[in-house]
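Chemist: Chain order of the listed sequences is G and F.
By the numbering used here, the letter at position 328 of the first sequence is numbered 328, and the numbering carries on one by one without gaps.
By the numbering used here, the letter at position 175 of the second sequence is numbered 627, and the numbering carries on one by one without gaps.
Treat the hints as calculated values from the structure; they're not laboratory data.
Treat the hints loosely; a few may be bogus.
As the list claims (entries may be wrong) - List time: in silico BS3-like cross-link candidates among lysine-lysine, alpha-carbon distance up to 30 Å:
#1 F:K571 to G:K264
#2 G:K446 to F:K577
#3 F:K571 to G:K446
#4 F:K617 to G:K447
#5 G:K447 to F:K571
#6 G:K264 to F:K617
#7 F:K664 to F:K571
#8 F:K664 to F:K480
#9 F:K596 to G:K447
Since the structure is predicted, the reported quantities are computational estimates derived from the model, not experimental observations.
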Amino acid sequence: MSISIEQRRQHRLMTIEKSLAKRHRKENAFRRMGLLAVVTGMTLVAILFISILMRGVPAFWQATFYMDVYFDPEVVQLEPKPERESGESQFAFNERYSQWLTRAGLVNWQTLIDNALEEALGEEVEPRQLRDLRALVTSGERYALRDRFVEDPSLLGQTVELKMLASANVDVWIKGNIDRDLPDARQQLSAQTRTWADQLEEQGVIRNAFSTSLFLNTDSRSSLASAGLAGAFMGSLFMMVVVIGLSVPLGVSSAIYLEEFAPKNRLTDLIEININNLAAVPSIVFGLLGASIFIGYLRLPLSAPLVGGLVLTLMTLPTIIIATRASLRSIPPSIRQAALGIGASRVQTVFHHVLPLALPGILTGSILGVAQALGETAPLLLIGMNAFVANVPGTPLDQSTALPVQIYLWQGNELRNFFEARTSAAIIVLLGLMLSLNALAIWLRKKFETRW
Amino acid sequence: MNIPAQPMATSSVSVGSGESRVSKAKDKVKMNAQDVKVFYGDAQAINGIDLDIYENEVLAFIGPSGCGKSTFLRCLNRMNDTIDICRVEGKITLDQNDIYAPDRDVVLLRAQVGIVFQKPNPFPKSIYENIAYGPRLHGLARRKAELDDIVESSLRRAGLWEEVKDRLDQPGTGLSGGQQQRLCIARTVAVSPDIILMDEPCSALDPIATAKVEQLIDELSESYTIVMVTHNMQQAARVADRTAFFHMGDLVEVDTTDQIFTNPQDQRTHDYITGRFG
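Using the sequences and the hints given, assemble the complete structure.
Modeler: Written as C-alpha cells, this is what we have:
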C-alpha cells in the first residue's frame with residue numbers, strides 16, 4: 001500500500017515536471033514574440049527618424065550669395081524719403097509718403113543685383129544672357145532689397161555686403177540633388193547659369209548658410225527658395241490656443257461633472273457611450289461638420305485658424321474627457337470618504353482632494369490630446385486651410401494654413417528635388433514641437449505626482 | 453469580575469474593563485433610530501431597526517459579515533448618501549432633530565457626527581494639513597495660532613503628539629498603520645463632533661496598535677459618544693458599554709455588554725458569541 005502511495009507521488013511529480021517543460025517553452029516563446037514586436041517597432045521608428053533627418057537636416061542650410069551690392073544713385077532715382085513737416089496734416093503726409101513708396105516700388109531693383117553679380121563674376125554680361133543671370137538669385141530678393149532701402153534711405157550711393165538666397169534650382173544644383181550628367185534639355189538651369197553657379201561657389205560667393213527664411217518667411221510660389229513656415233507656424237499656434245482654451249476647460253469640467261456629480265442613469269449611460277463613440281469618429285468627419293456648421297451655417301471665414309481650432313476642439317474633447325474620467329476614477333474612494341466624513345461638501349471634496357491628485361493624469365491626457373490635434377491634417381483640408389496663404393496671420397480670423405497642411409502642400413509641389421528636403425525639414429519642425437509638448441506632459445506629471 | 457467566562461469564545465482578555473464601563477450612568481438619548489430600512493437597489497439590507505444611542509456611551513455593533521452593521525452605522529451620518537443606489541427609509545434623529553429632513557445640511561451633520569474608517573485613509577498631505585483641514589473648512593480657527601492649538605490638542609487627544617510633534621510637515625501617509633489610524637481619529641476629533649462613528653477601526657492594525665486605539669477610545673468616551681462596528685467580540689467586550697447584535701439585516705438584541713455576553717436573550721446571539729456561526 002505504501003509503495004503504491006510512493007509510486008503515485010513519483011508519478012504526480014513526473015507529470016508536473018512534464019507540464020513544466022511545456023510551460024517554460026510557452027513562456028519563452030511569448031517572451032521572444034514580445035521582444036520581436038518591440039524590436040520591430042523600434043526599428044521602424046528608427047528608420048522613419050533617420051530617413052526624415054537625413055533628408056530634412058540639409059534643408060536647414062541653403063545656398064546663399066554673399067555679395068557687395070552698390071546702391072547706384074543712377075538706378076535708384078528717388079527723392080529723399082519724405083519727413084513730416086510742421087503744419088502738415090497726417091493725411092497729407094500719408095498721401096505724400098505712399099506716393100514715394102509707389103515710386104520706390106517702380107525702381108528696377110533687379111539691376112542692382114545684376115550689377116553685383118557682374119562684379120562678382122568679373123565679366124560684362126550681354127543682354128541676351130540676362131535671363132541666365134537672373135536665374136541665379138531667387139526672385140524675392142529684389143523686394144527684400146527695396147524693403148531694406150525704404151527702411152534705411154541713407155544706403156543710397158553706398159556699397160553693402162548682403163546675404164541673398166540663391167534660387168531653388170541653384171540650391172538643387174549645388175547640393176547635387178540633380179544628376180549633373182543629364183543632357184541640357186532635361187536640366188532645370190541653362191548651361192550658362194550652371195557654369196556661373198559653379199564658378200561663384202568656387203569663389204566663395206555662394207555659400208551654404210543657415211536658412212532663416214525657413215522660419216521667418218511664409219509660403220511662396222514665385223520665389224520658391226524663400227518659402228518658409230512662419231505663416232503655417234502662426235496658424236498652428238492660433239489653433240492650439242483655441243484648442244487649449246476651449247477643449248481643456250470644457251473637457252475637464254464635463255468629465256468632473258459626469259464622474260463625480262452626475263447621477264448614474266440611462267441618460268448618463270447614453271452620454272458616456274456617445275463620448276466613447278465620438279473618440280472613434282474619423283477626423284475628416286469633424287472637418288465636414290466644421291465646414292457645414294461653422295462655415296456654412298455660422299458664416300465664419302474660410303481658412304481661419306479659429307474655425308480650425310473649433311473643429312480640432314470637437315475632435316479633442318472626447319479624448320480629454322475620457323482621459324480625465326480615467327484619471328479621476330483612479331483616485332481611491334477612501335480619499336473622497338475621508339473628506340466627506342469630515343464634513344466637506346462634494347464640491348469641496350472634488351476640488352480640495354480629488355482634483356489635485358488627478359491633475360497629473362488630466363494634464364498628460366490633455367497635452368496628448370492637444371498634440372494629436374496639432375498633427376491633424378484631414379479636417380483642416382475641408383475648411384479651406386490648404387489654401388495658399390502668403391501672409392502671416394495676425395489674428396485667428398485671418399486666412400492661414402497650418403504646419404501639417406503645409407507639409408502636405410509642399411510634398412505635392414512640382415519642384416520635387418527642392419521641396420522633398422524642405423518637406424522633411426517642416427516635418428522635423430512639427431516633430432520637434434510635438435516632442436516638446438510630450439516632454440512638457442512628462443515634466444508636469446512628474447512635478448504634480450503625489451504618492452499615497 | 454462579574455462576567456462569567458463561560459459563554460465567551462475566548463474570554464481571558466475581555467473581562468478587565470467590563471466592570472468599570474457598566475458603572476457609568478448613561479441615560480440621555482443622543483441619537484434615535486425608528487424603523488430604519490436600507491435598500492441597495494431592490495435588495496433590502498436593513499429590515500427596520502429601532503435603536504437609542506445614549507450620550508457619552510460606547511456602543512459596539514457586532515454580528516457576522518454582511519449583517520448590515522456597517523450599513524446602519526453609515527446611516528448615522530448619511531455617508532450612504534454617496535452611494536447612488538442606496539435608499540434609506542425611516543427616521544433617525546440627533547438631539548430630537550431628524551437628520552434626513554429635507555432642509556437638513558449634511559455638511560453640518562457630518563461635522564457633528566464624525567467617522568473613522570476601517571482602513572486608515574490620511575490625505576496625501578502633511579500631518580499638520582491632515583488635522584487642520586477640517587477646522588479650516590468649517591472656519592473653526594480664525595488665526596494661525598488657534599489652528600496650531602487645535603492641531604496640537606487633537607493630536608494629543610489621539611495620543612500621537614509625542615510621536616509626531618517634530619515632523620508635522622511630513623506626509624501623513626508616511627506614518628505606520630497604527631499611527632495613521634490615530635491620525636485619522638485626531639482628524640475627526642479636530643472638528644469637535646458630538647459623536648464619533650468608527651467602522652472596524654482596528655481591523656487593519658496589529659495587536660499593539662489595536663491596544664493603543666482601544667485605550668484611545670476609552671479616553672475619548674469621556675467627552676464623546678462613540679459608536680463602533682467591530683468584528684472582534686473581545687474588542688466589544690473590552691471597550692463597549694453596550695453592545696448591539698445584528699443578524700441578516702435585523703437588530704437582534706441590544707443590551708449592556710455584560711448582559712449580551714453573559715446572558716443573551718436571543719438564541720442567535722447566544723449561538724454567535726459562542727462561535728456556532730459567523
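Chemist: Of the numbered hints stated earlier in the document, which are not met by this structure?
Modeler: Hint 6 is the one this structure does not satisfy, whereas the remaining hints hold.
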